[in-house]
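Q: Listed below, chain by chain, are the residues.
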Amino acid sequence: MFFKLGLDWLGKNFLSPKMFYANTTKLLPWLAILFMSFFCYGLIDGLFYAPADYQQGDGFRIIYVHVPSAFTGMAIYAVMAVCAVITLVWRIKIAAICMSCSASIGAWFTFLALVTGSIWGKSMWGTWWIWDARLTSVLILLFLYLGFIALQSVIDNQQTKERASALIAMVGVINLPIIHYSVIWWNTLHQGPTISQFAAPSIAPTMLYPLLAMIAAFLFFYGWMVLTRMRSQILLREMKTEWVKKIYE
Amino acid sequence: MFKSLLIILHYEILTTLRQAYSWLTPVLFFIIVVCLFPLAIGPDSTLLNKMAPGIIWVAALLAVLISIGNLFKQDAHDGSLDSMLLSQHSLTLLVFCKILSHWITHCLPLILISPILGILLQLNNQQELTLIITLFLGTPVFILLGAIGSGLIVGIRAHGLLLPILIMPFYIPVLIFGTSSLIAVAQNQPLSAYYAIMGALLLLSLAFAPLFTAFALKIGVDQ
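If you read the protein sequences in the order shown, they are chains A and B. Residue numbers for the first sequence follow the working numbering, so the first one is 17 and each next one is one higher. Residue numbers for the second sequence follow the working numbering, so the first one is 297 and each next one is one higher.
FYI, nobody ran anything at the bench for these hints, they're computed from the structure. Please note that a few of the clues may not be correct.
As the list claims (entries may be wrong) - For each label pair, taking beta carbons as the anchor points, the in silico distance ranges come out as:
#: 1; chain 1: A; residue 1: Asp172; chain 2: B; residue 2: Ile303; range: 33 to 43 Å
#: 2; chain 1: A; residue 1: Trp201; chain 2: B; residue 2: Ala454; range: 33 to 43 Å
#: 3; chain 1: B; residue 1: Ala496; chain 2: A; residue 2: Glu258; range: 32 to 42 Å
#: 4; chain 1: B; residue 1: Ile362; chain 2: A; residue 2: Arg107; range: 27 to 37 Å
#: 5; chain 1: A; residue 1: Asp24; chain 2: B; residue 2: Ser376; range: 47 to 57 Å
#: 6; chain 1: B; residue 1: Ile362; chain 2: A; residue 2: Asp172; range: 52 to 62 Å
Said to hold, decoys possible - In silico lysine to aspartate or glutamate, EDC-like type, Cα no more than 20 Å apart, as pairs:
#: 7; chain 1: B; residue 1: Lys514; chain 2: A; residue 2: Asp69
#: 8; chain 1: A; residue 1: Lys138; chain 2: A; residue 2: Asp61
#: 9; chain 1: B; residue 1: Lys369; chain 2: A; residue 2: Asp172
#: 10; chain 1: A; residue 1: Lys109; chain 2: A; residue 2: Asp24
Claimed, not checked - Which chain B residues face chain A? A few, computed with CB under 10 Å, are given here:
#: 11; residue: Leu441
#: 12; residue: Ile449
#: 13; residue: Leu457
#: 14; residue: Val470
#: 15; residue: Gln485
In this text, a Cβ means the ideal position worked out from N, Cα and C, and glycines have one as well.
Isolated chain B, as found in the complex (with noise of 0.2 Å):
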């Protein structure tokens, strides 16, 4: 059971990592975003420094929406999504190894980057420190409660902008979550608050979330 999760795990990241472009894609398109906010209001330093947790949040939440999409949509498109519909293994946790690995190739890159661009949005040490252990715990819930929609919308042929619309409304507390711990390192109060509802927020996706998106993945691929 575990060694076979392990080769799913290995075998969907070296997938996605030899289409250079489906990992690309959102890391890019993370750097472009950002760069594009001192663009638009101006380099004005303390106000960059100001606006910074809220445009690398937001920027995330984006660039995570814009892939998530595509979780199962090539297992739905070349029938490996009904191999495992049917296959002897739970498939909450075959979700689980999918929603990982989607993690690891696509927002890992995300949180590696998110210093640089702190540094260009003028975040002090103490809150670069902070911004990747937050979107260390943040970035993995936007997965989590993407991968229900997905699952959702499996079926559906032309959903357009569904998903980020029915996704969204979910990010709010850890968008709010990972904005404030930001703004409390600037103002020098504790953040182990913040750490402890974040990573609380993680388990309870963790436990409910492949549960949910294996459930939405037997709704989704009957239509």
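Pulled out of the complex, with its shape left as it was, chain A reads as follows (with noise of 0.2 Å):
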């Protein structure tokens, strides 16, 4: 009962289009402000005032760019996922359009984790490829993402669109976690996670802060980048009602 009365009120004050396009409206630049600040501690710090890796030289800068982009890669699809089911169950409007732009960002942070993962593979294991668990499950993720692209640019009805699409990202997030342990049982060589919530990090603190900093920059980016789409979109869907017509008079 007074779940479904916050629901509403949540409905009416914060998720209908029109209350969300005028609320992130301030958000933005700080999300883009963030963004930037973050960046640039992360990147100068990261590539020039980082030690040295005492294996890899300074070729384990590209880290700062790896790492974050992969973390992203995936953070993005767990949203994606909480997304569908909000729209399955709730039938927000919002979340469906939050979950459609949020696909082709994704794909590209994951794509981006994969050439930068490839071009250090390169430098330091001496191949572009290797059939490993991570960079296959990885490989796999992006397999993910651009069939839900796939699936959303076929289908025309909006409703139908955004429901199937909303399926198959579930069942994705359901899926995820056996690929990704049967793709490590199979086969594996990527070194393993540097940074993990329940043990101390193996990585110094000088190394580790500019990529804390850039994981955030990340996200922040995503962040302003899905509100932007996600604005655009609205604007677009509502394209006849009273509001929107009173922005651009």
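Dock chain one against chain two, each of which comes alone in its own frame, and use the hints as you go.
A: Have a look at this one:
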């Protein structure tokens, strides 16, 4: 009962396209500023001040692009899956828009993670590509993104498109751990995770801070981009309503 | 309830078997794809034996993919899908019957023919046995996951190659465990772990896929 009331209140005040558009107008510049400051700090500290790795020399510095883009690529899929559940259960429009707008950004981040990873692999392992567990599961993540985008591009009806792609995103997230572990048990060469929630990081703090800053920067960049895209999507869908007309008068 | 499900199953199998084209094409496709590999990579027996698990599994996967897109096509065309949606019986169970009959008519022939193809690719007896067991565990997963995609695209007229792109990433775990079990036999390693994992994948998809397919059909016919 209270849950439903709360949901209605939330829907009326924050989640209706109109309110969402109005609220995010002030949020956008802040996201851009946060992104720029974290990005500048992370890049400068990471590329110039962090000590060189004792084994990999200066080559390890690609970690400041590689790890954040891989992390963001996976995080975006998680965001999409949450939005998918919200779309299917509560049919909140904003969640569906967020899901659709996130897909191509996530696909690009995943692609970037693969490309930077393969450049790193060429210098450290001596090969562009290897069928290792981590690489393969990220490649499959990219395929999942592309399948999602392909499905969206063939369905015309807006509501069907949203619900169908939400279903695929949800099935994908159930399958993702299965795929992940199947390839781990299959073959592996990639180094273990550098940062883990449960253990002390296996990286010197001077190297770690710029890395965390870069991850934050990438996430803020995603927030900035997805909000921008969502806003234009909202304007496109609500083209015929009064409040949109008022903005452009 | 149970009786009507049996009737549907019987009807589905009978109609498919009477259209020889629909269940023979995947088998022929499977045989021809497998036969292409020795022609393409040369008749070297040791190389063929090494590649056989991958070749057979990929060919089986592709053979399933070419037929799974049509799972609900006929029903959507002649209107029986609408009566399925309106039926008093649970759509999930009806979908499960469709999937089961599709597996019997489209995958069972593949499994039955696979030992012969295994001989062509120089598999030994133990590998043959493992191949049959893992195909029994793996192909239903292909069909079950494919059914979800097939339900989603049922309303789209020009979907082309959408279904394979959508579904193939989900087939990867089955492919990995199916082929590695055959490699494990060749190295005399214990197999129970592979059977257990593939059985787990089967049970998991058996529990969820009919539910999701029913849901996908409801979304798919809306447009």
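Q: Hint by hint, say whether it matches the structure.
A: Hint check results:
1. Asp172/A - Ile303/B: 33 to 43 Å: 37 Å, holds
2. Trp201/A - Ala454/B: 33 to 43 Å: Roughly 39 Å apart at Cβ, these two residues keep to the hinted range, so it holds.
3. Ala496/B - Glu258/A: 32 to 42 Å: Between Ala496/B and Glu258/A, where Cβ atoms are some 55 Å apart, the hint is violated.
4. Ile362/B - Arg107/A: 27 to 37 Å: 35 Å, holds
5. Asp24/A - Ser376/B: 47 to 57 Å: 40 Å, violated
6. Ile362/B - Asp172/A: 52 to 62 Å: Check failed, 26 Å falls outside 52 to 62 Å.
7. Lys514/B - Asp69/A: 56 Å, violated
8. Lys138/A - Asp61/A: Judged against 20 Å, a Cα distance of about 24 Å means the pair is violated.
9. Lys369/B - Asp172/A: 19 Å, holds
10. Lys109/A - Asp24/A: At roughly 13 Å apart (the allowed maximum being 20 Å), Asp24/A and Lys109/A satisfy the hint.
11. Leu441: With a closest approach of 8 Å, the Leu441/B hint holds.
12. Ile449: Holds. Min distance 8 Å.
13. Leu457: Where the cut-off is 10 Å and the nearest Cβ of chain A is about 9 Å from Leu457/B, the hint holds.
14. Val470: At 9 Å from the nearest chain A Cβ, Val470/B passes the 10 Å test, so the hint holds.
15. Gln485: This hint is violated: Gln485/B lies away from chain A, its Cβ roughly 13 Å from the closest one there, beyond 10 Å.
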